[in-house]
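*Asks:* Sequence:
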Amino acid sequence: MDYRPGNNSHKVFYLTGFSSLGEHRRLLSIPFFLLLLYMTAANAVVTFVIATQKKLYEPMYVLIGSLTLLSFFYPIFFLPRMVISFASGRNEITKEECLIQMFLIHFGGSFQSSILLQMAVDRFFAICWPLRYHNIVNLRNSMLFSAALALRNTLTIVVAVCLFIPHTFCHTNTIYHCLCEHTSVVKLVCGNIARNLVAGAMTFSLTTSDCILVLATYIIIFIVIFQSPSGESRQKAIHTCSTHLTVICVGYVSVVCAFVGYRVSGIPPDTRVLLTLSYLIIPCAFNPVIYGIRTKEIKVHVLKLLKLSKVDSEKT
1 MDYRPGNNSH KVFYLTGFSS LGEHRRLLSI PFFLLLLYMT AANAVVTFVI
51 ATQKKLYEPM YVLIGSLTLL SFFYPIFFLP RMVISFASGR NEITKEECLI
101 QMFLIHFGGS FQSSILLQMA VDRFFAICWP LRYHNIVNLR NSMLFSAALA
151 LRNTLTIVVA VCLFIPHTFC HTNTIYHCLC EHTSVVKLVC GNIARNLVAG
201 AMTFSLTTSD CILVLATYII IFIVIFQSPS GESRQKAIHT CSTHLTVICV
251 GYVSVVCAFV GYRVSGIPPD TRVLLTLSYL IIPCAFNPVI YGIRTKEIKV
301 HVLKLLKLSK VDSEKT
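Take the sequence shown: its position 157, counting from 1, is numbered 157 in full-length UniProt numbering, and each next residue is one higher.
Accuracy of the hints is not assured; some may be wrong.
Said to hold, decoys possible - Pairs of lysine to any residue, SDA-like flavour, derived with a Cα cap of 25 Å:
1. Lys296 <-> Glu58
2. Lys95 <-> Pro166
3. Lys187 <-> Thr174
4. Lys95 <-> Ala194
5. Lys11 <-> Arg195
6. Lys11 <-> Thr174
7. Lys187 <-> Tyr262
8. Lys236 <-> Val289
9. Lys304 <-> Phe48
10. Lys55 <-> Val121
11. Lys187 <-> Thr172
12. Lys299 <-> Pro59
13. Lys95 <-> Asn196
14. Lys296 <-> Ser66
15. Lys187 <-> Pro269
16. Lys55 <-> Val159
17. Lys236 <-> Ile225
18. Lys55 <-> Lys187
19. Lys236 <-> Leu131
20. Lys187 <-> Gly200
21. Lys55 <-> Asn138
22. Lys236 <-> Asn135
23. Lys307 <-> Glu297
24. Lys304 <-> Thr47
25. Lys296 <-> Ala126
26. Lys11 <-> Val159
27. Lys55 <-> Val300
28. Lys304 <-> Leu70
29. Lys296 <-> Ala51
30. Lys187 <-> Leu215
31. Lys236 <-> Thr246
32. Lys296 <-> Ala194
33. Lys236 <-> Tyr262
34. Lys55 <-> Ser66
35. Lys11 <-> Cys170
36. Lys55 <-> Trp129
37. Lys296 <-> Ala44
38. Lys95 <-> Leu274
39. Lys296 <-> Phe124
Just so you know, the hints here were simulated from the structure itself, not pulled from any lab data.
Could you build the full structure based on these sequences and the hints that come with them?
*Replies:* Below you can see the structure in the form of structure tokens.
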């Protein structure tokens, strides 16, 4: 294994995150494997419930189902390789595999943010313009909005990843991380990386812009809610929005922590790696729990599916 700088472009990288643990690094395969099992199972259950219950064929539940479906696949982009690497001690990854993994990680992250934005927009029209909700939030408009966000995300991430292709990687081929993401890979590039830095900033701006729009939308929503007469509809709106805000806070706070971890000096390398993994894993782990517990309609059907108990919908 050549960890030293060289004149030729490296074709293989070594992901050495948590190598400071020495032989104990192998033990990390156990918790991450259990996390992978839990996230795939929990998200699969919620997604299956929404997909099979016709009562849940409404825009908001479809968006929740899309989020849990993404949360099902997202960990598969990086966790299986991590678990195998920890267990076997084999840390190498080819340049091509690294760039593909980078694309999938940033692509999935941007779509997660876009779904949260779509949820906020859906609640905005449902609460602020209830009489026009079904005219505005119809299948055609929803598909157009989704297509616009998908095109934005795809073009930005594709450009960011493709800019690495012509570069040579003649610095060290060691990445002190457990996966390939833009910030860590760009440090290995030889030559002018100005375009890569701009592309990286644009990739980060996808989540940032979505976050700003989501926060602005919910500020307006809560202003409307608290100006409306108190009653059952008001309490239901507060409950629904607080559930979504919990998911949003979990997602965006973990992203901010990871961003700060890379920008603040003096933070141990293993802590930086852990913060990055947290913003990828925590939303996928918490989304099915939050929606499964706080959304009555989903909770009832999940419990029925798991045959845990027969729950009276009037008492939940």
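*Asks:* Run every hint past the structure and note whether it holds.
*Replies:* Here is what the structure says about each hint:
The straight-line distance between the Cα atoms of Lys296 and Glu58 is roughly 15 Å, inside the 25 Å bound, and the hint therefore holds. Note on Lys95 and Pro166: the hinted pairing holds, with a Cα-Cα distance of about 12 Å set against a maximum of 25 Å. Simply put, Lys187 and Thr174 have alpha-carbon atoms about 10 Å apart, close enough for the 25 Å limit, and the pair holds. The straight-line distance between the Cα atoms of Lys95 and Ala194 is roughly 20 Å, inside the 25 Å bound, and the hint therefore holds.
Our distance criterion of 25 Å between C-alpha atoms is met by Lys11 and Arg195, whose separation comes to about 22 Å. Our distance criterion of 25 Å between C-alpha atoms is met by Lys11 and Thr174, whose separation comes to about 12 Å. Taken as a hint, the Lys187 and Tyr262 pair is honoured in the structure, with Cα atoms around 13 Å apart against an allowance of 25 Å. At roughly 19 Å between alpha-carbon atoms, Lys236 and Val289 fall within 25 Å of each other, so this suggested pair holds.
Proposed proximity of Lys304 and Phe48 is supported: the alpha carbons are some 12 Å apart, at most 25 Å. Of the supplied pair hints, the one linking Lys55 and Val121 holds, its CA atoms being roughly 21 Å apart against a limit of 25 Å. Of the supplied pair hints, the one linking Lys187 and Thr172 holds, its CA atoms being roughly 9 Å apart against a limit of 25 Å. A C-alpha spacing of about 18 Å is found between Lys299 and Pro59, which places the hinted pair at or below 25 Å, so the restraint holds.
The suggested pairing of Lys95 with Asn196 holds, with an alpha-carbon distance near 16 Å, which does not exceed 25 Å. In summary, the hint linking Lys296 to Ser66 is supported, as the alpha carbons are separated by about 18 Å, within the 25 Å threshold. Simply put, Lys187 and Pro269 have alpha-carbon atoms about 14 Å apart, close enough for the 25 Å limit, and the pair holds. Proposed proximity of Lys55 and Val159 is contradicted: the alpha carbons are some 41 Å apart, above 25 Å.
Restraint check for Lys236 and Ile225: the C-alpha separation of about 10 Å stays at or below 25 Å, so the hint holds. About 50 Å separates the Cα atoms of Lys55 and Lys187, which puts this hinted pair outside 25 Å; it is violated. At most 25 Å may separate the alpha-carbon atoms for a hinted pair to count; Lys236 and Leu131 meet this at roughly 17 Å. For the hint pairing Lys187 with Gly200, the CA-to-CA distance comes to about 12 Å; that is within 25 Å, so the pair holds.
For the suggested pair Lys55 and Asn138, the alpha carbons sit about 17 Å apart, so the restraint of at most 25 Å is met. Between Lys236 and Asn135 the alpha-carbon distance is near 22 Å, which keeps this suggested pair within the 25 Å criterion. A distance of roughly 16 Å separates the Cα atoms of Lys307 and Glu297; the hinted pair therefore holds under the 25 Å criterion. Annotation: proposed proximity of Lys304 to Thr47 holds, straight-line Cα distance about 14 Å (limit 25 Å).
Between Lys296 and Ala126, the direct Cα distance comes to roughly 18 Å. Compliance with the 25 Å bound is thereby established for this hinted pair. Between the alpha carbons of Lys11 and Val159 the distance comes to roughly 21 Å, so the proposed pair stays at or under 25 Å and holds. For the hint pairing Lys55 with Val300, the CA-to-CA distance comes to about 12 Å; that is within 25 Å, so the pair holds. Distance hint between Lys304 and Leu70 is fulfilled; the C-alpha atoms sit about 23 Å from each other, no more than 25 Å.
Between the alpha carbons of Lys296 and Ala51 the distance comes to roughly 16 Å, so the proposed pair stays at or under 25 Å and holds. In summary, the hint linking Lys187 to Leu215 is not supported, as the alpha carbons are separated by about 33 Å, beyond the 25 Å threshold. A distance of roughly 15 Å separates the Cα atoms of Lys236 and Thr246; the hinted pair therefore holds under the 25 Å criterion. With a CA separation close to 50 Å, the supplied pair Lys296 and Ala194 exceeds the 25 Å bound.
This hinted pair does not check out: Lys236 and Tyr262 have alpha carbons roughly 40 Å apart, beyond 25 Å. At most 25 Å may separate the alpha-carbon atoms for a hinted pair to count; Lys55 and Ser66 meet this at roughly 16 Å. Proposed proximity of Lys11 and Cys170 is supported: the alpha carbons are some 10 Å apart, at most 25 Å. Under the criterion of a C-alpha separation no larger than 25 Å, the hint pairing Lys55 with Trp129 is consistent with the structure, at around 23 Å.
Restraint check for Lys296 and Ala44: satisfied, since their Cα atoms lie roughly 18 Å apart, inside the 25 Å limit. At most 25 Å may separate the alpha-carbon atoms for a hinted pair to count; Lys95 and Leu274 meet this at roughly 23 Å. A hinted pair counts as satisfied when its Cα atoms are at most 25 Å apart, and Lys296 with Phe124 qualifies at roughly 21 Å.
Comparing the model with each numbered hint stated earlier shows that hints 16, 18, 30, 32, 33 do not hold.
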